[in-house]
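S.K.: Whole structure, please, built from the sequences with the hints as guidance.
The listed protein sequences correspond, in order, to chains A and B. The opening residue of the first sequence carries number 1 in our numbering; numbering runs sequentially from there. The opening residue of the second sequence carries number 1 in our numbering; numbering runs sequentially from there.
In short, the hints are calculated from the structure, not lab data. Since the model is a prediction, treat every value here as computed from it, not as a measurement. Don't be surprised by glycine CBs; every beta carbon is placed ideally from N, CA and C. Be aware that a few hints might be false.
[Claimed, not checked] Facing chain B, according to a computed beta carbon distance under 8 angstroms, are these residues of chain A, among others:
#, residue
1, P8
2, P75
3, L102
4, E236
[Said to hold, decoys possible] Some chain A residues well away from chain B (every beta-carbon gap over 10 angstroms; in silico):
#, residue
5, S29
6, E45
7, A196
[Said to hold, decoys possible] In silico contact screen, one side only, chain A against chain B (beta carbon under 8 angstroms); selected entries:
#, residue
8, E101
9, G103
10, L174
11, L178
There are 2 protein chains.
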Amino acid sequence: MTTNFYAPPSAVRGSRVVLPNDEARHLRSVLRAEPGDEIVVVDGEGGWYHVQIDHLGAEQVVGSIVERREDVGEPDVHVTLGLGILTTRSRFETFVEKAVELGVRRIVPLTTRYTERDSIRADRLRKVMIAALKQCRRSRLPKLADPQSPAALLAGATADRRLLCHGDAEETSLQSVLRDRPTSVLALVGPEGGFAPDEVDAAVEAGCTPVTLGRRRLRAETAGIVAVSAVMLHSEPAGEGREGDRGEE
Amino acid sequence: MTTNFYAPPSAVRGSRVVLPNDEARHLRSVLRAEPGDEIVVVDGEGGWYHVQIDHLGAEQVVGSIVERREDVGEPDVHVTLGLGILTTRSRFETFVEKAVELGVRRIVPLTTRYTERDSIRADRLRKVMIAALKQCRRSRLPKLADPQSPAALLAGATADRRLLCHGDAEETSLQSVLRDRPTSVLALVGPEGGFAPDEVDAAVEAGCTPVTLGRRRLRAETAGIVAVSAVMLHSEPAGEGREGDRGEE
Numbered sequence: 001m002t003t004n005f006y007a008p009p010s011a012v013r014g015s016r017v018v019l020p021n022d023e024a025r026h027l028r029s030v031l032r033a034e035p036g037d038e039i040v041v042v043d044g045e046g047g048w049y050h051v052q053i054d055h056l057g058a059e060q061v062v063g064s065i066v067e068r069r070e071d072v073g074e075p076d077v078h079v080t081l082g083l084g085i086l087t088t089r090s091r092f093e094t095f096v097e098k099a100v101e102l103g104v105r106r107i108v109p110l111t112t113r114y115t116e117r118d119s120i121r122a123d124r125l126r127k128v129m130i131a132a133l134k135q136c137r138r139s140r141l142p143k144l145a146d147p148q149s150p151a152a153l154l155a156g157a158t159a160d161r162r163l164l165c166h167g168d169a170e171e172t173s174l175q176s177v178l179r180d181r182p183t184s185v186l187a188l189v190g191p192e193g194g195f196a197p198d199e200v201d202a203a204v205e206a207g208c209t210p211v212t213l214g215r216r217r218l219r220a221e222t223a224g225i226v227a228v229s230a231v232m233l234h235s236e237p238a239g240e241g242r243e244g245d246r247g248e249e
Numbered sequence: 001m002t003t004n005f006y007a008p009p010s011a012v013r014g015s016r017v018v019l020p021n022d023e024a025r026h027l028r029s030v031l032r033a034e035p036g037d038e039i040v041v042v043d044g045e046g047g048w049y050h051v052q053i054d055h056l057g058a059e060q061v062v063g064s065i066v067e068r069r070e071d072v073g074e075p076d077v078h079v080t081l082g083l084g085i086l087t088t089r090s091r092f093e094t095f096v097e098k099a100v101e102l103g104v105r106r107i108v109p110l111t112t113r114y115t116e117r118d119s120i121r122a123d124r125l126r127k128v129m130i131a132a133l134k135q136c137r138r139s140r141l142p143k144l145a146d147p148q149s150p151a152a153l154l155a156g157a158t159a160d161r162r163l164l165c166h167g168d169a170e171e172t173s174l175q176s177v178l179r180d181r182p183t184s185v186l187a188l189v190g191p192e193g194g195f196a197p198d199e200v201d202a203a204v205e206a207g208c209t210p211v212t213l214g215r216r217r218l219r220a221e222t223a224g225i226v227a228v229s230a231v232m233l234h235s236e237p238a239g240e241g242r243e244g245d246r247g248e249e
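M.R.: As structure tokens, this is what we get:
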């Protein structure tokens with residue numbers, strides 16, 4: 001099986017895993033799995049299990065854990081990405097899917113001066129996140145925070161590097177700010193209209209460095225994707241620590 | 001007006017610009033433009049025009065060119081991105097939109113061993129590309145090639161750096177390959193199932209360096225977006241040559 005399966009930590013009981021209904025149905029009806037088949041199950045909290053299927057019932061699938069690992073596919077750097085809630089929900093979903101694939105640890109929907117919505121469809125986004133988690137073979141499901149203001153996010157933040165991705169930023173590149181490889185990064189990206197000038201000032205006051213993502217004006221969700229991607233590419237040079245991830249390929 | 005307008009080179013006649021019907025309608029009906037308003041028009045071939053509207057008719061809008069520039073918003077590096085045609089058309093469109101925003105110069109839909117389609121909707125993709133061109137304030141519309149095999153693309157390629165973005169790549173990072181700032185880059189990304197082993201061998205034979213985009217398995221369109229983004233972030237350090245782009249912000 002090339003895709004991982006998801007089961008919450010409560011589904012792991014000693015050396016056994018009981019897959020939730022939807023995963024069980026997918027295994028049985030779509031993938032035509034049989035007893036003896038081997039799959040990878042992740043619990044979204046860092047647990048990674050190589051599992052052999054023992055039993056495929058009408059409503060559940062039970063398997064035995066053959067091997068356990070921790071944090072397979074997880075980056076060393078902890079990235080929180082705050083993105084202004086977008087008017088077009090599908091664009092926010094595109095961002096969420098890509099950010100999970102790329103290794104984000106926390107997504108914070110931001111309500112700002114220029115956002116035209118103040119709510120998200122958390123259930124739907126959670127489904128997108130779980131699908132991406134399975135697809136990209138990570139083991140931790142990122143947190144999806146409640147919508148909040150940039151000020152609230154910054155007030156509670158502990159990240160050792162805070163970035164404001166901003167079209168009119170001073171000439172500081174994202175790369176230059178990442179050169180010393182921070183272990184935790186908080187990056188803020190505005191909604192379609194960007195941040196208001198006083199929001200920029202307040203973020204800088206709260207320790208954010210305004211950075212540019214290049215010469216072209218990116219859509220908000222593109223900026224969010226690029227920010228996560230750039231942090232990861234700078235933090236995970238090839239040749240370091242990949243061994244643990246390659247076994248299951 | 002915060003978004004640019006598009007008109008093909010044939011619409012520029014001396015010091016006048018005649019906007020095509022759809023752009024004219026948008027200006028008149030949606031944006032409620034009036035004579036005397038100023039807009040930016042790009043011709044998709046590097047031409048950038050600051051235009052003052054003279055006349056808004058039922059079917060066309062005519063303006064006078066106040067200022068001309070060349071290649072506003074264009075990167076120095078010429079990037080061609082070949083991406084396997086995806087089964088889900090909307091995912092290929094997402095890639096195309098983001099790649100244009102990020103500065104790609106040529107997009108090549110690839111037919112490979114594992115692609116399940118061999119055609120694209122070129123008209124629809126062209127609309128996506130023009131919308132992205134206007135939104136991101138570039139002046140060159142990237143080329144959209146006809147679907148072709150990786151072998152055909154490589155046979156005709158002149159890029160001084162050829163990359164194969166590949167999940168099982170050797171431990172060569174994209175960054176390390178870009179360190180000396182190539183002026184033209186060709187990057188190949190497979191479809192959902194990746195490249196077949198013999199396709200990888202043939203690409204390497206044709207001068208491609210296999211590179212990894214990080215520890216997690218990215219969806220094909222995400223890999224394409226990340227590849228373009230990484231090349232641009234490495235090729236356009238902040239503080240260099242941005243002056244020309246900031247005037248219109």
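S.K.: Tell me the numbers of any earlier hints that the structure contravenes, in ascending order.
M.R.: 1, 11
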